[in-house]
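Visitor: One line per chain: the protein sequences are A and B, in this order. Each residue of the first sequence is one higher than the last, beginning at 1 in this note's numbering. Each residue of the second sequence is one higher than the last, beginning at 1001 in this note's numbering.
In case anyone wonders, no lab produced these hints; they're calculated from the structure. Some clues are possibly wrong.
[What the hints assert, rightly or not] Using 27 Å as the maximum straight-line C-alpha spacing, the simulated DSSO-like pairs for lysine-lysine come out as follows: (1) B/Lys1063 with B/Lys1053; (2) B/Lys1053 with A/Lys89; (3) B/Lys1063 with A/Lys89; (4) B/Lys1053 with A/Lys102.
Only a predicted model underlies this, so the values are computations on that prediction, with no experimental measurement involved.
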Amino acid sequence: MANQTTTQGSRTTAAGGAATASAAPTPVVTPLALAGYLLIGMYLGIIFVQSEVVSWFRIQEMFRFQSFHMYGIIGMAVVVAAISVQIIKRMGLTSATGEPIKLSPKQWGDSRIPGARYWIGGTIFGIGWALLGACPGPIFALLGGGVSVLIMALLGALAGTWAYSALRSKLPH
Amino acid sequence: MFENLAGPWPWYVAGPLIGLVVPLLLLLGGKVFGISANLRHMCAATPAPERWKPAFLKYDWKKSGVWNLTFILGIFLGGFLAVQLIGMPDAGQHISEATRADLRALGIQDFSGILPTELFSWGTLLSPVGLILIVGGGFLVGFGARYAGGCTSGHAISGIADLQLPSLVAVLGFFAGGLLVTFGILPLLLG
């Protein structure tokens, strides 16, 4: 927790907020900003469906290395996001709602197994991703698209999140 | 209505459009693109007695999560609009013939929709295979995403775009798990 130092430094954070990155007092999210998040989500949901990244078939095609489609999508998304982040950082831009733009570095953790949470947790996630053929975003897009049985996948994912939360202190991170 | 936009949208269109979500969220409210955090917010928001909740689920989810929950409500609505206005793409028809041949060898015959209904439907949910794929897969997605501290959006896109080495390790894990399922578990499960 000590590594969550911010440059603002004027306020002491309340104890216990271990994982949340927002040290500064967060202004109430305005309805206008919420409308913005809703619109960006709708934009993304439409792309998710029409580019077929929500498809179990496409995920199989990716893990079998039989098409460039998924690699091209993730790769181009990373390139555009990386360039955008660099521009935002170098120009020192602030957000429309006045909140600071900062990406907190991911921590390696203090386990005796280096980076345990990333490769163990990542592998567990990958097993689930390939079985279900959908990661969290596509679960919501498919539900909206009418694939109602995925509500059971969402309930499974919530149970998994709850199980992790209960076991968290016993797992290497 | 917009059927002429019917996909599959090519990777060089969809990829950059998805990448733009990262600066849009940063510039709107300094928010980092990461969808699986919502699973934690939803657990934290569950009206269960506080003493049942692990410490990890006791936090002010309204303060940290309302923006993101609104965002995924948008993804849900976007999925709805995409299907209503353009139509659900027949991904099974669009994937490579090699993948169809491999899946046929595993016993899949119906390539008509977005996903194989022989495996994913209310009818298969209570079969061992359906239960493992749908509920088991969902469980591991939820468990693994929180353990790894992110999913495809938080690690593969946001994390790698910010040149975070832990995110690269997580993505290598995603692939290790995916390959294990594709070449090890699925043949056992479906074969």
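Visitor: Run every hint past the structure and note whether it holds.
Guide: Okay, the hints, checked on the actual structure:
1. B/Lys1063 with B/Lys1053: Roughly 18 Å separates the two Cα atoms, so the pair holds.
2. B/Lys1053 with A/Lys89: violated (38 Å)
3. B/Lys1063 with A/Lys89: holds (25 Å)
4. B/Lys1053 with A/Lys102: violated (30 Å)
The structure is inconsistent with the numbered hints 2 and 4, although it conforms to all the rest.
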